[in-house]
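Protein chains: 2
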Amino acid sequence: MLGEIIAIGDELTSGSVLNTTSYFAAGQLFAAGHEILAMTTIGDAPDLIGRTLQRALQRADFVIVTGGLGPTTDDLTNAAVSSALARPATFYPEIFKKIQAYGKSLPAGQQVSLEKLAWLPEGAHALHTEAKMAGYFLVQDGKPIFFLPGVPQEMKDLLLETVITRLAVWDGEEVRQVRQKVYKVVGLAESEINRRLAHLEGRDPRVRLGYYPVFPEVHVSLTVTGVSSQEAEAAMHKYAGQVAGFLGDCCYGSGADTLEGVVGRLLAGRGQTVAVAESCTGGLIGHTLTKVAGSSAYFLGGVVAYSNGLKERLLGVNREIILRSGAVSAECARAMAEGLRRVTPVDHALAVTGIAGPAGGSEDKPVGTVYFGLATPEKTQTFLFRFSGERTQVQALASQTGLDLLRRHLLGLDNGCRTV
Amino acid sequence: MLGEIIAIGDELTSGSVLNTTSYFAAGQLFAAGHEILAMTTIGDAPDLIGRTLQRALQRADFVIVTGGLGPTTDDLTNAAVSSALARPATFYPEIFKKIQAYGKSLPAGQQVSLEKLAWLPEGAHALHTEAKMAGYFLVQDGKPIFFLPGVPQEMKDLLLETVITRLAVWDGEEVRQVRQKVYKVVGLAESEINRRLAHLEGRDPRVRLGYYPVFPEVHVSLTVTGVSSQEAEAAMHKYAGQVAGFLGDCCYGSGADTLEGVVGRLLAGRGQTVAVAESCTGGLIGHTLTKVAGSSAYFLGGVVAYSNGLKERLLGVNREIILRSGAVSAECARAMAEGLRRVTPVDHALAVTGIAGPAGGSEDKPVGTVYFGLATPEKTQTFLFRFSGERTQVQALASQTGLDLLRRHLLGLDNGCRTV
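Taken in sequence, the protein lines are chains A and B. Positions in the first sequence are counted from 1; adding 258 to them yields my numbering. Positions in the second sequence are counted from 1; adding 258 to them yields my numbering.
Quick caveat, the hints were computed from the structure, so don't treat them as lab data. On a predicted model such as this, the values are computed, not experimentally measured, just so you know. Worth double-checking, as some hints may not be accurate.
Remember, identical chains collapse to one label, so a pair may be satisfied in a single copy or spanning two.
Unchecked claim - Think about it this way: if two alpha-carbon atoms lie no more than 35 Å apart in a straight line, the pair counts; the simulated DSBU-like pairs of lysine-lysine are:
#1 Lys-374 <-> Lys-414
#2 Lys-374 <-> Lys-637
#3 Lys-623 <-> Lys-439
#4 Lys-355 <-> Lys-623
#5 Lys-401 <-> Lys-355
#6 Lys-374 <-> Lys-439
#7 Lys-414 <-> Lys-549
#8 Lys-355 <-> Lys-637
#9 Lys-439 <-> Lys-414
#10 Lys-623 <-> Lys-549
#11 Lys-549 <-> Lys-637
#12 Lys-414 <-> Lys-623
#13 Lys-637 <-> Lys-414
Construct the complete structure from the given sequences, taking the supplied hints into account.
Structure, rendered in structure tokens:
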């Protein structure tokens, strides 16, 4: 089905808050086989809310509206909907009862009036009988409109638990079948990826390729359509392997894969462990590894050796090395990695030291210069990269590159294809 | 002036990529005194691009379009604009010359054809004569339309360097003066903040308050308008102090302040240092502190003691404590913080140990249980929090709370107002 997403809130149009809910909804709806015509963000302005909703109803099969449903005085969505669709505000006693119970569970002093949440446009149906801040839906001209909270977690839960399911069983629509696979690529420029894949485009009208820089990675989407599930799946089967082949070993995974998840599976599968010695990243590599549930099976921890003193004290880096070659050097990266293996019984020790900027660069070692050390029972290797970007971008590139060096080491791949 | 922002890309409507450029543009335009009527996101569909642009031109004073300008085959914005505004594609030799020079500077094997970038709708003016991937602008019916790349960094640079300035000197528009201040709050629920401030609303039509959960913080915006700069500034002066007063010491800063920046300024101002001993956050607190340029002046580093073995080896935590009270306990947090102060000469040692989930919880210590230790030359304090949310949310809450405990300690505040 063809859908529109409308996000409401002055905080969004004034750029105070990044809109992540429309993005999440689009991804989930797309994965469920729907297509999104437009995502519109507007302020808490009742007239504009009404006009935007009416236009969406004219051209889409369903509409999702997020935000402006809360108890505070700047939440105006329900009033706008009542007016635009001529559905007077109506009191829903069951909803009020549920909200009252929730309100009483709040600590004393926070028991704000939540009665407003029980006044909804006529014809509203609660989406969830248990959720404390339920959204609702209306059917207008045979088309469903879903109203969800703007708070990302509440919105996501309701979308997944109720909206996707209701749309899947909606009557009377011819569904165009869409299949998509997203490839995750690290260490290749977008233009090089386009060069490798361009010859696959335009030959088959059912096939579409997309190139998306998702810093510090590039994601490539392969989208195929068909009038039936079988046709869409056959086309996906035909092209998926070709795309993967041309991307080569810079493609670390697909779909919901993350680089830290892939590295974690490789380590867990071998019963091996990793620890990190981080300078310029300040702990980002360690934190990224621990985003994965169960990472304690292979991640021991490590040292954030941000100051030279901690490099010496906690990792046993020889002061001579720092005086002679500098803290940002291959020698120091090697000493950090090897030092970490001395103080903790770990299989793979990954060290990173570099200049994140904006200060600290020199002609020899400009901002973005980052050395990596990787010490294993067999040997220690060092790597030099020069990244460009702002401080936090250099940190993100260094973290992602460090994890990718570990992935390549675990898979026995060379490091030749990197272009960062 | 009243503006619209249109973001173009299938990667956005399919939910593959989060749209951060519209958010950035809205924030910058708002800060420059403009108002955004709508932010629309659509796919690479020429007809829809044309219709969306025409509607924006009808109701706004200026339009900003991002995305779809690149060299790859799925970039269709220019073709759509040529068709919708009846401005045939025209070859711009100067732009081609500049692009050619850039193309030759790429490594061999990546020299893709960039000629497409020199074909623009008739009447286009390059926005920047130096940028390698310049955007352009057109004037249609007396209204400027700016076309910017979808790549966030390129778009941001061009917006700040060219668009904001051109709009500031645009002729013939009455400019409504807007002033905004955003307060950053940590450790108070949105509903409690609304309760504290609600009495300030509705008394003065020039004043508007907004409440925005920006996980794990809440931001509060105070927006005032006036027919003149003086009036707007006088209103801001009148209300800014009142809002700050009612928010109290849970408000750590305003505007571009970050909690890590505020903590850093407090430490730097006293010539003091901090180090971190992190378990469940895996390095997030350290990394957050190093996001601030110049943080090496006060941040030494620390230990990511994710495994119990590293807690013992690197921090000297007594194994008896872990056997008796568990690694997630006040005793262990205290031992981690005090151990860190033993191995590094630091003023403030912050330790965190908890259960991020989804596994590992128990009846006594459910998922979200996090203990903090803060060791200073004078004493060691421990704190217990119970957070709710997914694994990465618990990690983010723990990191933010740890930094806030440090801020409160440095300012001599109690910890009474937290409600997380």
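A quick look at each hint next to the structure:
1. Lys-374 <-> Lys-414: within (22 Å within a copy, 40 Å between copies)
2. Lys-374 <-> Lys-637: neither (66 Å within a copy, 48 Å between copies)
3. Lys-623 <-> Lys-439: neither (40 Å within a copy, 40 Å between copies)
4. Lys-355 <-> Lys-623: The answer is between: 32 Å across copies meets 35 Å, while 66 Å in one copy does not.
5. Lys-401 <-> Lys-355: within (29 Å within a copy, 52 Å between copies)
6. Lys-374 <-> Lys-439: Intra 43 Å, inter 28 Å, cutoff 35 Å: inter-copy only.
7. Lys-414 <-> Lys-549: both (19 Å within a copy, 29 Å between copies)
8. Lys-355 <-> Lys-637: neither (67 Å within a copy, 49 Å between copies)
9. Lys-439 <-> Lys-414: Both, since 22 Å and 30 Å are each at most 35 Å.
10. Lys-623 <-> Lys-549: Both: 32 Å inside a chain and 20 Å across chains, each within 35 Å.
11. Lys-549 <-> Lys-637: both (28 Å within a copy, 32 Å between copies)
12. Lys-414 <-> Lys-623: Result: close only across copies, 27 Å inter versus 45 Å intra.
13. Lys-637 <-> Lys-414: neither (46 Å within a copy, 43 Å between copies)
Figure legend: structure checked against the earlier numbered hints; hints not met, in rising order: 2, 3, 8 and 13.
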